[in-house]
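Going down the list, the sequences are from chains A and B. Residue 306 in UniProt numbering sits at position 306 of the first sequence; the count goes up by one each step and never skips. Residue 39 in UniProt numbering sits at position 39 of the second sequence; the count goes up by one each step and never skips.
Keep in mind that the hints were calculated from the coordinates and are not lab data. A few of these clues could be false.
No copy labels: a pair is met if it fits in one copy or bridges any two.
[What the hints assert, rightly or not] Heads up, simulated DSBU-like pairs for lysine-lysine below, C-alpha to C-alpha not over 35 Å straight-line:
| no. | residue 1 | residue 2 |
| --- | --- | --- |
| 1 | Lys142 | Lys12 |
| 2 | Lys16 | Lys292 |
| 3 | Lys165 | Lys211 |
| 4 | Lys196 | Lys12 |
2 protein chains.
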Amino acid sequence: MAQAWTLTNRPKGLPKASDFALVEQQSGSLEDGQVRVANRWLSVDPYMRGRMNDVKSYVPPFELGQPMQGHALGEVVESRADAVPVGTMVSHMAGWRDEAVLPADQVQALPPIDVAPQAFLGQLGMPGVTGYFGLLAVAEAKAGDTVFVSAAAGAVGSTVVQLAKAKGMTVIGSAGGAEKCAWVREIGADAVIDYKSGRPIAEALGEAAPKGIDVYFDNVGGDHLDAALAQARLRARFAICGMIEVYNEAKPTSLRHLAQMIGKRVRMQGFIVSDYLDRAGEFYADMGDLVKNGALQRQETVFEGLDATPEAFLALFSGGNTGKMLVKL
Amino acid sequence: MAQAWTLTNRPKGLPKASDFALVEQQSGSLEDGQVRVANRWLSVDPYMRGRMNDVKSYVPPFELGQPMQGHALGEVVESRADAVPVGTMVSHMAGWRDEAVLPADQVQALPPIDVAPQAFLGQLGMPGVTGYFGLLAVAEAKAGDTVFVSAAAGAVGSTVVQLAKAKGMTVIGSAGGAEKCAWVREIGADAVIDYKSGRPIAEALGEAAPKGIDVYFDNVGGDHLDAALAQARLRARFAICGMIEVYNEAKPTSLRHLAQMIGKRVRMQGFIVSDYLDRAGEFYADMGDLVKNGALQRQETVFEGLDATPEAFLALFSGGNTGKMLVKL
Chain A
1 MAQAWTLTNR
11 PKGLPKASDF
21 ALVEQQSGSL
31 EDGQVRVANR
41 WLSVDPYMRG
51 RMNDVKSYVP
61 PFELGQPMQG
71 HALGEVVESR
81 ADAVPVGTMV
91 SHMAGWRDEA
101 VLPADQVQAL
111 PPIDVAPQAF
121 LGQLGMPGVT
131 GYFGLLAVAE
141 AKAGDTVFVS
151 AAAGAVGSTV
161 VQLAKAKGMT
171 VIGSAGGAEK
181 CAWVREIGAD
191 AVIDYKSGRP
201 IAEALGEAAP
211 KGIDVYFDNV
221 GGDHLDAALA
231 QARLRARFAI
241 CGMIEVYNEA
251 KPTSLRHLAQ
261 MIGKRVRMQG
271 FIVSDYLDRA
281 GEFYADMGDL
291 VKNGALQRQE
301 TVFEGLDATP
311 EAFLALFSGG
321 NTGKMLVKL
Chain B
1 MAQAWTLTNR
11 PKGLPKASDF
21 ALVEQQSGSL
31 EDGQVRVANR
41 WLSVDPYMRG
51 RMNDVKSYVP
61 PFELGQPMQG
71 HALGEVVESR
81 ADAVPVGTMV
91 SHMAGWRDEA
101 VLPADQVQAL
111 PPIDVAPQAF
121 LGQLGMPGVT
131 GYFGLLAVAE
141 AKAGDTVFVS
151 AAAGAVGSTV
161 VQLAKAKGMT
171 VIGSAGGAEK
181 CAWVREIGAD
191 AVIDYKSGRP
201 IAEALGEAAP
211 KGIDVYFDNV
221 GGDHLDAALA
231 QARLRARFAI
241 CGMIEVYNEA
251 KPTSLRHLAQ
261 MIGKRVRMQG
271 FIVSDYLDRA
281 GEFYADMGDL
291 VKNGALQRQE
301 TVFEGLDATP
311 EAFLALFSGG
321 NTGKMLVKL
């Protein structure tokens, strides 16, 4: 019997294991045009926290008691759609479950790029698209720029670090703890800030980038954003991608250096990945090469089995992942 | 004997009268290429507060004990420069004094637009250029947009209100107190928010703009900025022009709604007026017509006499002006 995770309560603050329940799903026979997908990899991502609140946002909230959604990869094991035969590896949004029955137009065959399939949930998937267009289109980063990236050991951040290096930029990454910082340096960052060290981020950033920063890729908000404002150079561009600091808390963001954006003509631009989905061709061509030729190293934190999905998700908020957080079924 | 105001101390917080001293100036004979200007109008502006701090910024700090600077208008009363004969009305930066001796290339003859000369310190001067390019270039506001303007009774804000109306936009202005609010409505705002009423600004803005705002012209920062984030529509553009709330205080800006800029793809862009000085021709052509034909009403708060200059400046921070704050000599 197929199984799926549902949300049982709308969490306040950090979700708890008891906010989730694993329920059995009917897996009836297919209708015309449908495929049955046996999921092999599930993605858990920070943005999913937002979908647990009952508020209007850029993605609709999860419905209580219904199977949750998210990016997933799987193999078509039964098909009533000629375009998607049995054996096709596909990506789709019916994650948090082991089996999905979907209309064929809601699954995408993986592009013919010779990499491990789970790369299509990471550097060649949503986090990759986010990092790529956030850095190059939103922040208009170019060779010679000094780029600051927060959550640099995360799925998006580690992509940005490596992509920026591959494109001739100087990169300062921030991560929590010695181990993650060592890894961020290993994948190419010119300097690393351990935000758990107790040292003010603005001070550490000022030392790492004595001439200031041209670009800030924000996954975090809060003190990181304030530090980036303090150290911004003239006409710096900030790509505001995520604010993991505030996803679980109602606390306001306190910025001492916001007014500096006037004199420095800082541009802060919010964006989400779906703004760039129509540029997938450009993305696969450029990033596909970088991933294949090893300019971008893949790093994954893998939890095993459908049972572990909520645990993997919660670990995103306690710094439990280096690189892309995945669940392998 | 000519006189000039000097800064005697670098103020902490709100400046006091005792931070300024009126001193006598030598007014010796002119050198070749110089002109002597008898000042008629002095401008005092919020940005001058920043120049009283000894910090690196987009304009250098005032020097203690030296004549302060600022925009001023005056008449050339003596000239050793053929290009600028006696009787020419000029604008220049040697304000806070009754007489200025300057090289001819540091004064600009007023453009041949038939308005009262003090308009060249207001709607046809720095506040006008700020409002014009902030609204139309930085925020890319266009006909049909809903525009929110803070400090809407101020020199820049009241220009933005009227310009936005002249260009076919819906305008919501915020000002402090019933009298200013009535005036902001009189100059054309579709709705007015009295930020001193005690009602949360975000709530009042939500009522005034039930479909949200496309543009925010920020002169204030703080709660106004947070309210604009809360009520922003998709792809809203914020022109960050000033943050009068923080000029005198070291308190941080606290934003509850900052993370909304991600889902709403808000763009916040800091700018200063000097970025647009090379587009003066375009500005005088368009704004000159609007001012002459009465689409923009002039409103001035005038203090009389050089002695009153610090008092006029300080009144900017206690809400003492409607429209442009000027000192008439």
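The hints, checked one at a time:
Taking the shortest alpha-carbon separations for Lys142 and Lys12, neither the intra-copy value of 41 Å nor the inter-copy value of 40 Å comes in at or below 35 Å. Within a single copy, Lys16 and Lys292 get their C-alpha atoms no closer than 38 Å, and across copies no closer than 66 Å, so neither meets the 35 Å cut-off. Within a single copy, Lys165 and Lys211 get their C-alpha atoms as close as 18 Å, which meets the 35 Å cut-off; across copies the closest is 43 Å, which misses it. Both within a single protomer and between protomers do Lys196 and Lys12 lie at most 35 Å apart by alpha-carbon distance, with minima of 25 Å and 33 Å respectively.
The earlier numbered hints that this structure contradicts are 1, 2.
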